[in-house]
Amino acid sequence: MIEYAVRFVAGGMIVSAFAILGDMLRPRSFGGLLGAAPSVALATLAIAVVQHGPQYAAAESWTMIYGAVALACYSVAVCHLLMRFQFAALPATIIAFAVWLAVAFGLLASFGGAA
Amino acid sequence: MLVNLSSSSFKRTRWYEYGVRFLLGGVATVAAGLAGARFGVSIGGLFLALPAIFCASATLIESHERRAKEKAGLSGRRRGQQAAALDATGASLGSIGLAAFAAAFYVAAPASIVGAFLAAILAWIVVSVAAWRLRRALRRTSRGAAQPHGEARSAQSRGILP
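In the order they appear, the protein sequences are chains A and B. The numbering used here numbers the first residue of the first sequence as 20 and each following residue consecutively. The numbering used here numbers the first residue of the second sequence as 15 and each following residue consecutively.
Check before you lean on any hint, since a few could be wrong.
[Stated by the list, open to error] Have a look at the derived ranges for each label pair, beta carbon to beta carbon:
# : chain 1 : residue 1 : chain 2 : residue 2 : range
1 : A       : Ile21     : B       : Leu16     : 41 to 47 Å
2 : A       : Gln74     : B       : Leu16     : 41 to 47 Å
3 : B       : Arg91     : A       : Gln74     : 18 to 24 Å
4 : B       : Lys85     : A       : Ala24     : 18 to 24 Å
It is worth saying that the hints were derived from the structure and are not from the lab. If you're wondering where the values come from, they're calculated on a predicted model, not measured in any experiment. Even for Gly, the Cβ is constructed at its ideal location relative to N, Cα and C.
Here chain A stands alone, though its shape is the one from the complex (with noise of 0.2 Å):
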């Protein structure tokens, strides 16, 4: 229980102070930049390392390439939602979701997990 009391104050802290960086940088693109920070991976690596050892980290962030590949697909989902099919901010976000399951689990399938 106290493990995820500390994932869960860790993780809010560390993904509260990208958000608020992001906020801050202009041009806005650059600051979007930091809406795929390394975030919750940070937090959650440290906690993996302490708790299972660097090869138990180092296969999660092997799978995490996927889950990158699929955060960018979805990006382009919301982009398009939003720009072309009119779609606001909170349906857009919400919809793309299926883009990143699709991508993320798509790539997992196809190539499997670190060796």
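Assemble the complex: chain A is given as a structure, and chain B must be docked to it using the hints.
The following block gives chain B in isolation, referenced to the frame of chain A:
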């Protein structure tokens, strides 16, 4: 245009909006941990790049821009969508950096954990900024070759449409 820091976002952001981000960030990190514990390391790794707070960020950016326009007596709906799309464009470029972060960590972790974190953060910064600069250079080149028209012109001038 040079990259700079603006404090105007503090004036526009309400206190509960910081709380929403903290909450979503915490939930996403717990979810990543639970996914790893329940379904294994491979699926847990996918969740390290979960767009968990993106919906909150995009919605906040959209509402800030819309409010600013509406204060001036104009409809801010389209402006809000454009601002959120611009943020998504940046995130798509940042995703390339995130993949570089993961790859650098994977390569360096067996040798040194501290070194792996430093290499991964450095890779993320260098690759993200390089992708952003490359996109700007390409846009400048293509803009010189052909002038866009109508709404596409307006959107492109804000860097939203590819």
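Self-check item: Index of numbered hints that the structure contradicts, given in increasing order
Solution: 3 and 4
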